[in-house]
Amino acid sequence: MNNPTDLKYTASHEWVKQEPDGSLSIGITDHAQEALGDVVFIELPEAGRSYKEGEACGVIESVKAASDIYMPVAGKVTEINLTLPDSPQDVNADAYAAWMFRIRPDNPADLGKLLDAAGYAGVAVS
Amino acid sequence: MAESQQGVLKTTPLNAVHRALGARMVDFGGWDMPVNYGSQIEEHHAVRRDAGMFDVSHMLVVDITGARVRECLSRALANNVAKLTQPGKALYSCMLNEQGGVIDDLIVYFFREDFFRLVVNAGTAEGDLAWLNHLNTRFGTGLAIRPRRDLAMVAVQGPKARERAWQALPDTRAPSEALQPFNGALLAGELADGMIARTGYTGEDGFEIVFPAALAGDVWKRLMDAGVKPCGLGARDTLRLEAGMNLYGQDMDASISPLDAGLAWTVDLKSERDFVGKAALLAQPQSKVFVGLILLDKGGVLRAHQAVITGQGQGEITSGTFSPTLNQSIALARLPLGVQPGATVRVVVRDKQLAAKVVKLPFVRNGKILTA
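Protein sequence lines correspond, in order, to chains A and B.
Just so you know, we're using our numbering here: the first sequence kicks off at 1 and counts up by one.
Just so you know, we're using our numbering here: the second sequence kicks off at 1001 and counts up by one.
For reference, chain B alone in the conformation it holds in the complex:
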C-alpha cells in the first residue's frame, strides 16, 4: 500500500477545510485532494439519493475573449461551437491533436460573441493553455486567453442538489432557476466573475458553481449547513463510472481517437467545418467499441488495464471499480469492433478469468439502474 507522498503538491482554496473535516488526502495528479471524508460508499449514495458536493477547484476555468473566439474554437474543438446559439449554452467537446488523439475533454460555455469560457481538466491545464495560445497565433485570431486560478469551483450533485444550493446561496437562485441541463449563467455582486451551471460528472442533476476563491470556505460551510454532504474524489470516480462518463488520462489520452473512446457523438464530422484532427479521424475510422462491463463471477474487482477476452479478439478495461449502486464490479472497456451488448466476455483478474456481461452505457442515470 503506497502512502500519499507529501512534497510540492498544489492545493485548492479548500485544502484546510478538507483537512479540518478529517479527509483522507491523496496526491491526485500533483494536487493534494480529498479522496474521502470517511466512507466513499456512503458519499456515493448521498449523491445518488440526496445531495453531495465536491471540491473541483483543481480544474481550470479559462476565459477566452475577442471578436474571433467562435472562429478559433470552431477550429480548435472536435464538437461544433455553431451549436451554441443561446447565451449560457454549454457544449462538451474533445480538443484533438493533428493525429486525432485527445489533448483534453472540456466544457465550453458561450456567454457573448466575444466571450466564451472553458472548463478543462487539472492535469492537462498547462498543456491546454499552451495549445490554445499556439492555435490563436496560428489562426491569427488575436484572442485574450486568460486562466482563472483566482476562481474556485464546487460541484453540488444529487436529486436534492439544486434546492439545497439555493437554500445555501440564495443569490444563485434567480440566475439558475430556469436553467435547462447543460446551460450556465454568470453571477453578479459578491459572486461576480463566477458562474452557476446545470452540469456535472455524476449522472445526477445539480450544479457546478464557480466563484471567487476567497469565498470558498464560506460557500462550502453554507452548503454543509444546508445538508450537502462533502464527497471526495473516490466517490466522484465511482459516480462518473456508473454514469458512463470518460476520465481523461484513463479512458482516453493523446494517443487515443475519440471514436475509439465512445466519444463519436461529440465529434462533428458531418459539417464542412475543418478542425484540428479532422483529417486524421477521416483517415482512421473507428476501430474499437467502447462499452460497459458488469462482472458476473465473484473473484475480484474489475480494474484498468485488465485484459478482456472476447469472441472477436482481445480488448482492455480502461476504468474499473466496484459500483455501490449495482453492488457489483463494473468497468469501461475498449473492445474489438463487433462485440455487442449482451455478449459474455472473460476478464483476466490475477490468475483467473472471470465472466462479465457487455452492456450499453450508462449503467446509472438519475438514480436508476439502466443495465439490469
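Excised from the complex, chain A in its bound form:
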C-alpha cells in the first residue's frame, strides 16, 4: 500500500495535503480507489461553500458502489478540480495525483487531529 508520508489521512479514506499557501488539497486514498474499483462518477463540493468537519461534501461512484466524500476538517472550499468529473478514471490511475478540491481550514491546528501515514495504514487493512 502506497501512502505518502507527507500527507495526512482520515479514517474515512480521504488524504489531505498542506499546500505552501496554507490551503489543503483533498482526495481519496489509494486503498479507497482500490476498494471501489473503476470510478465512473464524481460529484465535487461547491466552491465558496463552508463545510463542517466530517460533513458529506461530495460523492464518488464506481461501477460497483457509491461512496460519500467527507470533509476532513472544517473549512471553506476555495477551488475544485474541474477536470476530474470528465475523467473520473484518473482516481484509479493515481489517487494521490487526483486532488478533488482545496479548502481554507477554519482552524489550521485541526490538521493535527488527522492520521499520519502509519496511523492510516492501521485503518486501511484490506
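Calculated directly from the structure, the hints in this document are not laboratory data.
All values reported here derive from a predicted model rather than from experimental measurement.
From the three backbone atoms N, C-alpha and C, an ideal C-beta is built for every residue, glycine too.
Please note: incorrect hints may appear among the correct ones.
Okay, the calculated bits of chain B under chain A, using three or more residues with CB under 8 Å as the criterion [stated by the list, open to error]: (1) 1016-1023; (2) 1039-1052.
Below 30 Å or equal to it, Euclidean Cα-Cα: the simulated DSBU-like pairs (lysine-lysine) are [what the hints assert, rightly or not]: (3) B/1083 to B/1360; (4) A/76 to B/1270; (5) B/1010 to B/1221; (6) B/1270 to B/1083; (7) B/1288 to B/1278; (8) B/1221 to B/1288; (9) B/1270 to A/52; (10) B/1368 to B/1229; (11) B/1288 to B/1360; (12) B/1352 to B/1298; (13) A/76 to B/1298; (14) A/52 to B/1010.
Take the given structure of chain A and dock chain B to it, following the hints.
Positioned in the frame of chain A, the structure of chain B alone reads:
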C-alpha cells in the same frame, strides 16, 4: 466502504488460483468469490471483444434421474419441458412457489428420458434441493436428486470464446463443434460427468463448461494460456445487465411474479399442463412492465431500489450500473403498466431527479448496442 468480511465463507475449487492472480475477493452470498482481477471495465470489454472466463463453480449442478423425470419437471417448472425433445437441448425456466413467486431461475438440460440436469443459483441451491425433494415426494415420482458439488464450472464467453476453448481443451471440440445455442453435450474420458454447453450470462457466444473439480486449476491455466482473460463477478454483473438478463434475488425473488419480472416469455400458460404456481399466475395477471433505462442526465449512477417517477405512477430500479459498452449508466426497472419504450422518466438519485429513457431489453447483444 465496507470491507469484505472473512469468516465461514464457502470456496470454489479455484479459490487459491484467484488469490494467486491477485483477485479482489468479496463475500458473494456466503461464497468467497473474485469481484475483479484489476479493472472490471477491462474485463467487461475482453468479453465483448475477445474472450473472458468466469469461475461459476458456486452455482450448483443437480442431476435428476429416474423413469419419471419429465413428469416431475413438467409440474415443477413454469416453462414446459415438453419443448425438450432432442438430447442436449436446454431450457431456461423459473421454478415457482404456490403463490406464483420465483423460488429460482435455472437451466434444465435434457440428456436422456431418465436423466435431466439442472444448473441452479448458488444462493438458492439448498432451498431448491429441499423443494425438488418435496415435489418428488408429493408427486410420487421416485426420482434420485443428486447435487454435484464434485463438479466445477467455468463460463468462457466472448466472440473468440469457442475457438479459444477448443484450443485449450481439445477433447471438448468434437462434442461441441456442432452445438447450436442453448444446447449442451456430456463429456467423456478425463472430463467424464462433465458437460459443455453453448450457454452463458453475458449476451455473447461461448460455453459453460462443467468438469470434475479436481481438474479446475488445470482447466483454468490452459484457458489462460490460450488467451482467455480471467474475469470477476463484477464484469459478470455489468455484462448480464447490458444483456437484459435477470439476476435472482435482485430483479425477482419468491415475492415477485415472473410476469412482473420480464419473464412472461419463459412461462407456459397456453398448454393444458398444470404446474406449481400456475393457478396463482392466472389469478394475478401481469401488473408491471419490466424494461431498461438509460440515464440521460449526468449526476450519478442508477442503482437498485432507486424510485422511478413516470406518467403512470411510481416504479423502482431492480438492478443498475454503469455500462462500459454504452459508456452511460443503465438499469433494469419494474414500472407501472402502460409505460412505453421511448418514454422519459425521472429517477431519484440522492437529492436529485435525473432524466432517463425507457428502452426495450436487451441493451447489448453479440457486441452490438441495440438501444441507440
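> Quick check: which numbered hints come out false for this structure?
Replying inline: Those not satisfied are hints 1, 4, 8, 9, 14.
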